[in-house]
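Protein chains in written order, with numbering that gives the first Met the number 0: chain A, 0 to 335; chain B, 0 to 318.
Just so you know, the hints here were simulated from the structure itself, not pulled from any lab data. Mixed in with the good hints, there may be bad ones.
Said to hold, decoys possible - Each pair of labels, with its calculated beta carbon distance range:
# : chain 1 : residue 1 : chain 2 : residue 2 : range
1 : A       : ALA9      : B       : ASN213    : 42 to 52 Å
2 : A       : LYS133    : B       : GLY98     : 44 to 54 Å
3 : A       : LYS133    : B       : ARG126    : 47 to 57 Å
4 : A       : MET262    : B       : GLU227    : 26 to 36 Å
5 : B       : VAL137    : A       : ARG312    : 49 to 59 Å
6 : A       : GLU309    : B       : LYS233    : 24 to 34 Å
7 : A       : LYS133    : B       : SER183    : 40 to 50 Å
8 : B       : PRO129    : A       : LYS133    : 40 to 50 Å
9 : B       : VAL137    : A       : LYS141    : 43 to 53 Å
What the hints assert, rightly or not - Keeping only pairs whose Cα atoms sit at most 27 Å apart, straight-line, the calculated DSS-like set for lysine-lysine is:
#  : chain 1 : residue 1 : chain 2 : residue 2
10 : B       : LYS226    : A       : LYS61
11 : A       : LYS206    : B       : LYS226
12 : A       : LYS141    : A       : LYS206
For glycine and all other residues, C-beta sits at the position ideal for the given N, C-alpha and C.
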Amino acid sequence: MRVAPILDIAGLKTVFRIGGRPVAAVQDVNLTIAPGETLALVGESGSGKSVTSLSVMGLLPKGVGQVAEGSILFRGKAGQTQDLTQLDAESMRQIRGNDIAMVFQEPMTSLNPVYTIGEQIAEPMRIHLGLSHKDAAAAAIKLLADVGIPDPERRARQFPHELSGGMRQRATIAMALACDPVLLIADEPTTALDVTIQAQILDLLQKLQAERGMGILFVTHNLGVVAEIADRVAVMYAGRIVETGTVAEVFAHPRHPYTIGLMRSIPKLGEATALKRQGKPLPTIAGSVPSLIQLPSGCSFAPRCPYAIEACRADVPPLYDTGTGQRSRCIRWQEF
Amino acid sequence: MLSYILRRLGTGLLMLVALSMLVFILLRVAPGDPIDAYVNPNVAMSQAEMEALRTRLGLDQPLPIQYLAWLQAAVTGDLGYSIQRNGVRVLPLVLERIGPTILLMAAGLAIAIVTGIAAGILSAVRRNSPTDIGFSVVAFFGISSPAFLTAILGLYLFSVVLRWAPSGGMLTPGAPFSAGDLLSHLILPACLLSIGHAALIMRYMRASLLEVLNQDYVRTARAKGVKESWVIMKHAVRNALLPVVTLIGSTVGIAVGGAIFIESVFNWPGMGLLLINAVDTRDYPVIMGATLIIGACVIVVNLLTDIAYAAVDPRIQVA
Ligand SMILES: Nc1ncnc2c1ncn2[C@@H]1O[C@H](COP(=O)(O)OP(=O)(O)O)[C@@H](O)[C@H]1O
Ligand code: SF4
Ligand SMILES: [Mg+2]
């Protein structure tokens with residue numbers, strides 16, 4: 000039996016005004032995250048992962064992007080479930096940084112250059128938990144130690160430019176965890192880091208999740224990372240979820256040609272360096288993500304799909320249930 | 000931080016030396032016998048006495064030696080005598096005028112900084128709203144109208160037509176000194192002096208804040224649940240101020256030009272008025288003395304701005 004989810008996104012459609020008319024960046028998105036679970040949201044750049052994250056956070060650019068349809072049910076620390084799409088700005092602000100926190104991709108630019116690390120970590124605790132300056136500062140030092148930063152008292156007094164990229168990402172994680180959120184959204188938190196640091200940050204997130212039990216929405220374009228960190232995976236393409244399932248199921252038996260393509264392009268250990276040495280590019284899926292303004296008719300993946308047939312271009316395929324909890328938005332899913 | 004200040008102090012000193020050389024060369028190429036500047040016109044002197052003085056002053060020496068001698072005199076406070084004012088020494092003449100000018104400039108600058116930054120923030124936050132467009136139009140006129148025009152128009156409108164302010168001077172003649180009297184004389188010229196500067200600061204602040212509001216760390220602040228007003232005032236404005244502080248420092252020199260106009264229009268007893276009168280009467284020692292002191296003040300202000308910059312931007316310490 001499954002526990003009731005902390006996050007339940009149903010029929011989400013987020014539109015942007017591009018050149019005066021609304022364009023759907025994300026549509027028909029259904030996602031759930033159980034307490035303590037990690038869901039990976041995977042897809043190439045431009046597929047709508049960040050837009051999905053920002054829709055949950057209520058941080059879509061004002062006047063440009065907005066949630067047009069669907070609901071985002073969220074159960075906060077206090078235990079009551081609310082539809083985030085219906086909340087006013089002030090209620091949403093009280094949830095951000097408190098019940099839901101977010102870690103962004105660029106550790107170099109996502110910290111404020113003119114405030115100390117300690118001050119930036121202490122801030123959400125003063126806002127949401129009502130801690131005094133002194134208590135929040137002490138708590139910030141403890142958080143820095145928790146995320147594995149040596150000499151936390153000194154680091155707390157330093158400014159972002161005095162820390163390395165990996166250190167800064169640890170600091171932003173400390174900042175996100177300050178109020179002990181039930182949901183952490185990590186939008187490509189390791190993409191800007193080199194491989195060894197990347198592995199350390201993934202380990203850290205797993206350790207912190209084991210200690211604190213928060214759910215994680217882990218956004219990445221790298222399926223290789225998914226295997227390490229996630230329980231379930233949702234593959235996104237051109238604003239829609241095209242395949243979901245447990246990591247074990249999807250990796251053992253992908254049921255959508257896009258997922259198959261993504262898996263082929265995961266470099267094996269050492270392969271990336273070998274290919275680079277030979278001057279060959281990493282294998283990728285031929286073609287590119289379609290423009291949202293002119294999505295192809297029927298299956299959005301059809302122009303790039305090696306298995307495409309006439310029937311694919313007729314209608315947008317529904318998400319087929321494969322019977323094992325795995326779902327695929329491909330009319331030929333049974334053939335893979 | 001200390002080494003940074005020392006370094007900036009060093010460059011400031013170098014600039015001062017360069018300025019003094021410039022002033023010295025101008026003094027020498029100016030028409031007339033340079034010795035006139037050192038002779039008290041009220042005291043009769045024989046030709047022999049003149050020659051003795053020339054030797055004593057080193058005016059028969061090569062130029063570099065003369066410069067060093069002049070510099071030594073200048074450093075010890077001897078800037079010579081005013082030609083036109085019956086042998087009044089230049090230094091006390093200039094020093095007595097420096098207070099009113101600093102008062103006027105400081106008031107003008109304070110008004111410009113406060114209104115410019117406030118209007119810039121409002122414009123950026125309410126981008127493309129009627130408020131923003133209104134400020135932009137006002138700023139356009141503020142930047143493009145010359146200082147003497149705003150000074151004369153302002154004087155005419157506010158003191159001649161509306162009679163809101165006295166039409167000139169620093170204090171009511173004959174009346175006992177009162178701060179209120181000083182303020183009523185100060186407010187109009189200070190406001191008029193601030194117009195161009197305020198407009199410039201506003202445009203810079205607006206552009207700078209708009210750029211900062213798109214930065215990742217502003218999104219991070221929102222993601223932490225910081226109130227929108229604090230996102231702007233605490234997280235964005237402090238960063239947006241950095242280029243504006245530099246702008247303020249580097250335009251103080253330009254504002255000096257504006258102050259000279261304002262002083263002459265409002266008969267404000269400061270350096271500007273002194274300088275304009277000196278130019279009218281070709282009183283070279285006074286022109287040079289005043290230029291040297293004004294230049295020194297501008298250099299000091301630039302130094303202070305750089306220190307202020309270091310205080311707002313923690314990254315400067317490693318640079
Ligand atoms: N601020 C914006 N203005 C207009 N369109 C946007 C904006 N942000 C995102 N989009 C649209 O949404 C699409 C998905 O973007 P995003 O969610 O950032 O992709 P990713 O999966 O790489 O995170 C983009 O290709 C773009 O067309
Ligand atoms: S529906 Fe057709 S085009 Fe789309 S992924 Fe499946 S086979 Fe390919
Ligand atoms: Mg993204």
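Hints, verified against the model:
1. Between ALA9 (chain A) and ASN213 (chain B) the beta carbons are some 32 Å apart, a value that contradicts the proposed interval 42 to 52 Å.
2. Our hint of 44 to 54 Å for LYS133 (chain A) and GLY98 (chain B) holds, since their Cβ atoms are close to 46 Å apart.
3. LYS133 (chain A) and ARG126 (chain B) have their C-beta atoms about 38 Å apart, which leaves the hinted 47 to 57 Å range violated.
4. For the pair MET262 (chain A) and GLU227 (chain B), the supplied restraint of 26 to 36 Å is violated, since their beta-carbon distance comes to about 43 Å.
5. Take VAL137 (chain B) and ARG312 (chain A): their Cβ atoms lie about 58 Å apart, and the range 49 to 59 Å holds.
6. Between GLU309 (chain A) and LYS233 (chain B) the CB atoms are about 59 Å apart, so this pair departs from the stated range of 24 to 34 Å.
7. Range check, LYS133 (chain A) to SER183 (chain B): Cβ separation about 48 Å, and the 40 to 50 Å hint holds.
8. Judged by the Cβ atoms, the range 40 to 50 Å given for PRO129 (chain B) and LYS133 (chain A) holds: they are separated by roughly 45 Å.
9. About 51 Å separates the C-beta atoms of VAL137 (chain B) and LYS141 (chain A), a value consistent with the hinted range of 43 to 53 Å.
10. Between LYS226 (chain B) and LYS61 (chain A) the CA atoms are separated by roughly 15 Å; this keeps the pair inside 27 Å, and the hint holds.
11. Restraint check: the Cα-Cα separation between LYS206 (chain A) and LYS226 (chain B) comes to about 31 Å, which exceeds 27 Å; the hinted pair is violated.
12. The straight-line distance between the Cα atoms of LYS141 (chain A) and LYS206 (chain A) is roughly 16 Å, inside the 27 Å bound, and the hint therefore holds.
Comparing the model with each earlier hint shows violations of hints 1, 3, 4, 6, 11; every other hint is respected.
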